[in-house]
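Listed below are the residues making up each chain.
There are 2 protein chains.
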Amino acid sequence: MPTDSLRVLQYGLGPIGQAVARTVLEKEPLTLVGAVDIDPDKTGRDVADLVGDDVSPTGVHVSDDAETALADGAPDVVLHTTTSFLEGVTEQLLRCVRAGAHVVSSTEELSFPHHWSPDPADRLDRAAQEEGVALVGTGVNPGYAMDTVPLMATAGCTDVQAVHVERVVDAGKRREPLQAKVGAGLSPEAFEEKKEGGPFGHIGLRESLRLVADGLGWSLEGITEELQPVRADELVNTGFRQVAAGQVAGIHHTAVGQVAGESRLSLDLKMYVGADESYDTVTVDGSPPIDLRFQGGIFGDTATVGMLVNAAPLVANASPGLHTMADLPVPRAFATSPAVSA
Amino acid sequence: MPTDSLRVLQYGLGPIGQAVARTVLEKEPLTLVGAVDIDPDKTGRDVADLVGDDVSPTGVHVSDDAETALADGAPDVVLHTTTSFLEGVTEQLLRCVRAGAHVVSSTEELSFPHHWSPDPADRLDRAAQEEGVALVGTGVNPGYAMDTVPLMATAGCTDVQAVHVERVVDAGKRREPLQAKVGAGLSPEAFEEKKEGGPFGHIGLRESLRLVADGLGWSLEGITEELQPVRADELVNTGFRQVAAGQVAGIHHTAVGQVAGESRLSLDLKMYVGADESYDTVTVDGSPPIDLRFQGGIFGDTATVGMLVNAAPLVANASPGLHTMADLPVPRAFATSPAVSA
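Those protein sequences? They're chains A and B, same order as listed.
Sequence positions in the first sequence follow this note's numbering and run 1 to 342.
Sequence positions in the second sequence follow this note's numbering and run 1 to 342.
Among the clues, some could well be false.
As the list claims (entries may be wrong) - A few chain B residues facing chain A, derived, Cβ under 10 Å:
1) Lys27
2) Pro29
3) Glu87
4) Gly88
5) Ala99
6) Gly100
7) Thr158
8) Gly217
9) Ser219
10) Ile223
11) Arg264
12) Asp291
13) Met307
14) Val309
15) Phe334
16) Val340
In case anyone wonders, no lab produced these hints; they're calculated from the structure.
Ideal placement from N, C-alpha and C gives every residue a C-beta, glycine not left out.
All chains, please: the whole structure from these sequences, using the hints.
In C-alpha cells form, the structure reads like this:
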C-alpha cells in the first residue's frame, strides 16, 4: 500500500464531512487542497474554522462552486459526503470524475448501485473508465459492518448455507443527528407517520444485503425489509434529548434475503438510545461455522470517517471504474501515527 | 466475482492437498484437470481413490511429472500444497507460472516473502508478470487469522496505536499431523532438542507480522520471536495420542514487532492438546478501539482448505505478479451450495 502523498478535496461539510476534513488535515500523506459546500454559513470560511478550535488556518476556503474548486485544487481523490441518495449526487460525482479525481463517497446508495440504479451506475462507471479514475461508495454501514465484514467472515469456508448479521448501536452514545435520524423521542404515532412519509430508517441495508449476496455469488429471489420502532422501557436522557418510557427510542430495521428457496441472508440492525450494549456479530452457518463478534461494536461516528479516509489509497490504486468494497483490496487503516513517526 | 468455470490442477496430495482436491471436485465451477505428487504410493492412481470412499472416479490420475501434467491439463489455476519453505518450492512454482497458470500456494513463506526471500520473490514476481499470471501464498494462518483479519479489523480506524492478535487452537480437535507438528506427547527435553534441531513450531508467524506491518505502513524496527512448550496439566487423550501430565501438550509461539520505539504489534499463538476452548481475537488500540473475537476460533483443518480454494477466483482475476493477501480483494467463500443451486 502506497503512503505517497495524495491531494484531497472534501466535498460536503456536514458533521461527517467536517470530521473527515479534520482527519485529512491530521494525516501527513494527505494534503487538503479544496473544500466544497453550498451552505452560505460555510462558504468563504477557512476549513479550520469549521473543524475545531485547535486547528491552525489551512488556507483552504470553502467554495460553493465545485467546478472551480476541483480545477483549482486538482485533487487526486475527492472525499464526498453530501446525501444518502444517488439521485441527488450523480451529477456531483460526475463532476469529480470529469475533473480526473478518484472518489470515495458516503452516499449509501452508491455502495451497491447496480441493482436499483443501473443507469446512474452505468454512467458513473463509463465516465470513470474514460477518465481513468475509480469510485467507491463506503462508510461503516453500508461499507463495512454489515457487508464487507460478513463477506470476509466466510473467507475460510468450504461451504456456506446462511449468513446472519446483527448490529446493535446505542444511539445515545452517537452524535445528535443520528439520534434524530432514528426517531429518538418521537411518539409511536409520529414514527408511523414519518415512516409513511418517505425515506426513513437506515439507508443502505438493502445495498449491504445485495453486496453480500453478490460477493457470495448468491441469486436473491426476494428481499423482505421491515422497519419497526424500538420503544423506550424507561426514561432515557442522552444529553441531547430526553426520551420518555413508551416513546420511540430508535429503529429496528431488518432485511432478509431468499436464496435457493430459503432465508439464508439476514441483516438485523437496531439503533436506539438506551441500548444496554453495542455490538456487531456475524454468524456463518457453514464449514467451518463462524461466530464473530465485535465486543462493544464498531463505533460508527469514528469508523465512518475512518472508512472514508482509509479508502482513499485503495481507490487511488484501483483499476478505473465504479467499484464496490468487494472489488477493492482488504481495507485497513492508513497513515496512522506510528507509521508517520516511524 | 466471476463464477465462471476454472480449470484446476492440484499440486501436492498430502492431507491438505487431498482435502483441497475433494473440495475442488465438489464445486461446480471448478474442474479438476490434473494432480501431481511424487509419492510412489500415489502416482498413477485416480484422485478419487485418495480423497474419499464416496467419490466417483474422476479420470484424473496422479502424476509425478509436473511439467507433463501442467501441459496436458492446461489449468487456469494451480492449488499448490507441498512444503512450508520457499527454498524447496520456488522451482515448482516457476514451473506452474511458466505453464501459464495462476497459483495459490499454502507455502507459508510465500505469504510475505519480500523481506526474507527477496530473490525468489523477485524471480516469481518477474516470471508471473512475463506470463501474465498471479500468485499468492495463503491459508488460514498465515493468510487469514493472524494477518488479513487483523488488517481488516483496523479498516474503520482513524488512528491505530497497537494491534494485538491471539489465536488459541485446541490441537486435540485437529488432524493428527498437526498434533505431531506441535510436539504433543514430547518430553520437555525432547521439545528443546527438536527446537534446537531446525524448523519447529508454527511456520509463518513472522510472515504474518510483516504482512500486518506492511499493510499498515509501519516500519518494523525489530521482531522478537519466542517458542515455548505448553505443558499438559493432566492426562490428555486425543484419540491419536496420549499426553501425560507434565509432557508437552503443544506450542506457545509469539512474535512481537517494535514500531516507533514500542511493541505495537503482537501475535500470540497457542496450539496444544487439551485447550479449554479455541478462539481468535484481535484487539486494536485505536480510534475507535476494536475488540474482535471469533468464538470457538476459526477451525484450521477446514479453513485452510477454504482459503486456498476461495483464493482461486481472486488470483484468476488479479493483475499479473506475486501478490499478498493484502493486495487481493476481500476474500470470501466461493461457489457455495446455495450459489450452485440458485
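Q: Please write out, lowest number first, the hints stated earlier that are contradicted by the structure.
A: Those not satisfied are hints 3, 4, 5, 6, 10.
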